[in-house]
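Novice: Residue-level listing of the chains:
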Amino acid sequence: GESVGLHLPTLSVQEGDNSIINCAYSNSASDYFIWYKQESGKGPQFIIDIRSNMDKRQGQRVTVLLNKTVKHLSLQIAATQPGDSAVYFCAESGGIYNFNKFYFGSGTKLNVKP
Amino acid sequence: DAGITQSPRHKVTETGTPVTLRCHQTENHRYMYWYRQDPGHGLRLIHYSYGVKDTDKGEVSDGYSVSRSKTEDFLLTLESATSSQTSVYFCAISESSLYRRNSYEQYFGPGTRLTVT
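In order, the protein sequences belong to chains A and B.
Mapped onto this note's numbering, the consecutive letters of the first sequence carry residue numbers 1 to 114.
Mapped onto this note's numbering, the consecutive letters of the second sequence carry residue numbers 1 to 117.
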């Protein structure tokens, strides 16, 4: 299967600081990526996505950066809040012939300290 | 939250018994998925459906079968449960095709925790 991993399994930040969560992927044919947030006891929730023809996309307090050269994806959360505490997953599509199949990383737990 | 329900939410069963998990949606979305989530592995796709009676395998499909006789229901069956199938199972739905829209947002259900003893 595809290899999608994360550099840091746990990240602790102070409330109000910016958070950066990183993800590496292995399939150079992947053309679509998603970041999900999962709170304890709940299913993953879509945060933001990006296609491979972009290198940056911004949402509300979140920014996703894509570096295709090194196959790296990052999620930046501005002014991190206690409600941002959760596990974050990156996911990549299987490419043009497998776009319905997504491969998830193992997740990074974000702890926001008040 | 998108209209997705999973049943049961928790189940304990014995090795060798058949188990069926149900995913029900009220969104009339075309695509439905079953994932399992285990520590250290994130979410892994088991099977997915792209229409009524149209299904395909994911990366961890061995030991699982699925059926979709109606748009709103997607069933996951473990023919003979094993301890390695102890996991949290998530159903997801999606409306868009990657190449018809700009995004491919999947909505996830609340999950089913299955324990095989």
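Any given hint might turn out to be false.
[Stated by the list, open to error] Restricting the straight-line Cα-Cα distance to at most 25 Å, the calculated cross-link-like pairs of lysine-lysine (PhoX-like) are:
(1) A:K42 <-> A:K109
(2) A:K101 <-> B:K57
(3) A:K71 <-> B:K53
(4) B:K70 <-> A:K101
(5) A:K42 <-> B:K11
(6) A:K42 <-> A:K56
These are calculated hints, taken from the structure and not from any lab test.
Bear in mind the structure is a predicted one, so any value in this text is a computation, not a measurement.
Novice: Hint by hint, note whether the structure agrees.
Specialist: Comparing the hints with the structure gives:
Distance restraint check for K42 (chain A) and K109 (chain A): the Cα-Cα separation of roughly 14 Å lies within the 25 Å cut-off, and the hinted pair is therefore satisfied. Distance restraint check for K101 (chain A) and K57 (chain B): the Cα-Cα separation of roughly 9 Å lies within the 25 Å cut-off, and the hinted pair is therefore satisfied. A hinted pair counts as satisfied when its Cα atoms are at most 25 Å apart, and K71 (chain A) with K53 (chain B) does not qualify at roughly 36 Å. Between K70 (chain B) and K101 (chain A) the alpha-carbon distance is near 21 Å, which keeps this suggested pair within the 25 Å criterion.
Annotation: proposed proximity of K42 (chain A) to K11 (chain B) holds, straight-line Cα distance about 17 Å (limit 25 Å). As the CA atoms of K42 (chain A) and K56 (chain A) are separated by approximately 28 Å, the hinted pair breaks the 25 Å bound.
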